[in-house]
Structure formats: C-alpha cells, structure tokens
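Make a model of the complete structure from these sequences and hints.
Here's the letter readout for the chains.
There are 2 protein chains.
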Amino acid sequence: MTKKLDLKKCIRNIPDFPKAGILFRDITTLLKNKNAFKYAVEELAKKFKNKKIDKVVAVEARGFILGAAIAYKIGAGFIPIRKKGKLPWKTNSASYKLEYGIDILELHQDAIEPNDKVLIIDDLLATGGTIKAVTDLVKELQGKISGIAFLIELTDLKGRDKIKDYPVCSLIKY
Amino acid sequence: MTKKLDLKKCIRNIPDFPKAGILFRDITTLLKNKNAFKYAVEELAKKFKNKKIDKVVAVEARGFILGAAIAYKIGAGFIPIRKKGKLPWKTNSASYKLEYGIDILELHQDAIEPNDKVLIIDDLLATGGTIKAVTDLVKELQGKISGIAFLIELTDLKGRDKIKDYPVCSLIKY
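Taken in sequence, the protein lines are chains V and Z.
Quick note on numbering: the first sequence equals residues 0 to 173 in numbering that gives the first Met the number 0.
Quick note on numbering: the second sequence equals residues 0 to 173 in numbering that gives the first Met the number 0.
Possibly wrong hints are sitting among the right ones.
Any copy, or any two copies together, can satisfy a pair, since identical chains are not distinguished.
To be verified - 30 Å max Cα-Cα, derived DSS-like pairs, lysine-lysine:
| hint | residue 1 | residue 2 |
| --- | --- | --- |
| 1 | Lys89 | Lys7 |
| 2 | Lys45 | Lys33 |
| 3 | Lys72 | Lys7 |
| 4 | Lys85 | Lys2 |
| 5 | Lys33 | Lys83 |
| 6 | Lys72 | Lys37 |
| 7 | Lys138 | Lys8 |
| 8 | Lys3 | Lys116 |
| 9 | Lys37 | Lys51 |
| 10 | Lys89 | Lys33 |
By construction, these hints were calculated from the structure, which means they are not laboratory data.
What follows is the structure, encoded as structure tokens:
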C-alpha cells in the first residue's frame with residue numbers, strides 16, 4: 000500500500016502566468032518528484048483498474064504525461080489527441096472556444112474501435128471546453144467513455160457541468 | 000518474460016508528410032496497440048533499470064508519451080522540456096537549427112539537481128539537432144546523462160554523431 004501524499008503541496012502556484020490575473024498551477028514540481036509522480040499515477044489508475052479499459056485518450060502536451068503513464072499502468076493502448084495539423088493520417092476534428100477565437104483538436108479516425116472502453120486523462124479541468132471537445136471526438140468513433148480523470152480540478156469554473164454524462168474524478172481540488 | 004514483438008510492423012509509413020518527399024514514421028499505430036506500447040516501454044526501460052535514474056527528461060509533445068511511461072516504470076521523476084514560452088517558471092533555453100530558422104527549447108532551472116542521473120527519451124532520432132540541445136540543457140544544470148533512448152532511429156541521418164559522449168540505444172532502425 001502506498002503512503003498517502005499531500006499532492007497539493009507538490010504544486011507550485013505562479014501568479015500572473017500566462018497573463019495578469021491568472022494563478023497558474025504548475026505541475027512540473029510534482030512530476031519531477033518521483034514519489035509524487037508515482038503516487039498520482041497510481042491513485043488515478045486504481046480507480047479504473049477493473050474497468051477493462053482498452054484505450055487511454057489524452058490531449059497534447061501536458062495531458063500526454065499522466066495519460067501515457069496511466070495507460071502503461073493499466074495495460075491499455077495510448078491515443079494522442081493533437082492540435083490541428085500535427086497528426087499525419089486521416090483525422091476527425093472538433094473545435095472549442097478560447098477567450099478569443101477557437102482552437103481545433105484532431106483524432107486519428109482509426110484510433111478507437113466501436114465499443115472500445117475509453118478513459119480520458121487530462122492534467123487540469125477548468126471550464127471544460129477542451130474536455131467536451133475530446134468527448135465529442137471519442138463518441139464520433141463510437142468509443143464508450145468509462146471515465147474522465149484529472150490531476151487538478153478548478154471547481155469554481157464548473158467544468159463538470161459540461162461532462163455530466165460520465166464518471167469524473169480529480170485528485171487535487173481548488 | 001515478454002514475447003518478442005516486431006515493432007516495425009506496428010509503425011505506419013506515411014509518404015509526403017509533413018511535406019513532399021518526407022516518409023513520416025507514424026507511431027500512433029504502435030501506441031494504440033496495448034501489447035506493442037507495453038513492449039516498447041519495457042524494452043527501453045529494462046536497459047536502464049539498474050542505473051538508479053533520478054529523472055527522465057523528454058521533449059514535447061511526442062517525447063512525453065514514452066518518456067512519462069518509462070519514468071513511471073523505472074520509478075524516476077519526469078522532466079518536460081518545452082517550446083519557448085510554455086514553462087511557467089524560470090528557465091534555461093537552448094536553440095537548434097531547423098531547415099529554415101531556429102527553434103528554442105526551455106527547461107526549468109530547478110528541474111535537475113547537480114549529479115542527478117538523467118535518462119533522455121525521445122520518439123525519433125533523425126539529424127540529432129533536438130537531442131543535442133536537450134543534452135546541453137541537462138549539462139547546464141549539472142545533470143549526469145546516464146543514457147539516451149529512442150523508439151526509432153533513422154540511421155542514414157547520423158544523429159548519433161552529435162551525442163557520441165553518451166550511451167545511446169534505439170528499438171527500431173531504418
């Protein structure tokens with residue numbers, strides 16, 4: 000059994016990044032700490048270890064870190080969702096709103112088979128716009144979303160409201 | 000013991016991506032295959048399991064995938080190297096030449112302690128420009144580079160010549 004760790008103490012808070020008024024939650028101080036990294040991976044993975052997950056889906060770039068480690072831990076395949084133009088084969092795309100303009104995410108059309116059990120991992124749940132686009136892409140390929148897990152959740156921003164249809168969990172809440 | 004897999008069969012070759020004349024080696028078909036992903040992680044990790052690696056360093060975005068899974072597997076911390084402006088705290092930077100112009104990589108100044116044993120992971124060794132910049136960043140923080148490992152190596156491009164001072168390995172050679 001792993002000793003319980005206070006992961007919040009491993010996060011570095013950086014005021015005014017990437018711009019004035021934003022308090023950025025820097026996870027690099029957690030990732031570089033081998034005990035905290037292992038603990039975070041295992042705490043998220045254990046919630047899904049008996050769900051027979053086929054694929055773990057994560058969004059570039061930070062989402063790849065926990066997503067890939069958890070995919071390895073639970074014995075699933077790993078599926079990258081990338082920004083427009085980065086994936087080399089046939090893709091489906093979904094857009095989501097940014098403060099100014101929109102951003103586009105892409106998923107390979109052969110990434111998920113119909114009825115694959117999919118776990119979605121990301122580092123941070125804020126307003127939920129990105130993760131809603133991810134769920135749309137997974138559903139378009141007829142994947143079954145078994146759960147969505149985050150390292151950090153900014154609860155005031157109510158991102159969970161956008162993904163109410165799925166089991167959602169997070170390890171660190173602000 | 001894991002059964003030997005022919006990983007080359009799991010790579011998809013895509014002509015003329017990202018531009019005419021380039022044969023792109025698409026690793027997403029390997030990553031999505033749970034057996035191939037697990038095998039690749041374990042084959043790379045086992046070369047370093049007794050080296051007491053403190054930190055695994057990888058470059059965004061594709062490098063994060065195998066890098067993070069291997070860091071978890073060998074019980075090391077994970078250190079992301081990112082493109083300019085993405086890391087929120089104090090950074091050191093290194094530049095490397097692209098076909099037209101230069102690109103800049105950044106590493107947090109507190110990512111590595113002096114004498115930390117570092118394993119560098121990337122998906123692909125081509126001309127070696129990126130990985131040379133990574134080794135410079137690690138050395139600047141006085142990390143000890145215990146090895147550099149790639150999923151794929153394009154041997155004709157002689158990238159190894161740029162990182163001769165370190166143990167280098169790759170799983171798939173073209």
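We went through each hint and held it up to the structure:
1. In this assembly of identical chains, the alpha carbons of lysine 89 and lysine 7 lie at most 30 Å apart only when taken from different copies (21 Å versus 40 Å within one copy).
2. In this assembly of identical chains, lysine 45 and lysine 33 lie within 30 Å of each other by CA distance both inside one copy and across copies; the values are 18 Å within and 18 Å between.
3. In this assembly of identical chains, lysine 72 and lysine 7 lie within 30 Å of each other by CA distance both inside one copy and across copies; the values are 23 Å within and 23 Å between.
4. In the homo-oligomer, the alpha carbons of lysine 85 and lysine 2 never lie at most 30 Å apart, since the shortest distance is 40 Å inside one protomer and 32 Å across protomers.
5. Proximity of lysine 33 to lysine 83 under the C-alpha cut-off of 30 Å is restricted to the inter-copy arrangement: shortest distance 25 Å between copies versus 33 Å within a copy.
6. In this assembly of identical chains, the alpha carbons of lysine 72 and lysine 37 lie at most 30 Å apart whether taken from the same copy (10 Å) or from different copies (9 Å).
7. Taking identical chains as interchangeable, the C-alpha atoms of lysine 138 and lysine 8 lie at most 30 Å apart only when they sit on different chains, with a minimum of 28 Å there against 36 Å within one chain.
8. Proximity of lysine 3 and lysine 116 under a CA criterion of 30 Å is satisfied in both settings, with 29 Å inside one chain copy and 26 Å between copies.
9. Taking the shortest alpha-carbon separations for lysine 37 and lysine 51, both the intra-copy value of 21 Å and the inter-copy value of 16 Å come in at or below 30 Å.
10. Only between protomers do lysine 89 and lysine 33 lie at most 30 Å apart by alpha-carbon distance; the minimum there is 21 Å, versus 37 Å within a single protomer.
Against the hints set out earlier in the document, a violation occurs for number 4 only.
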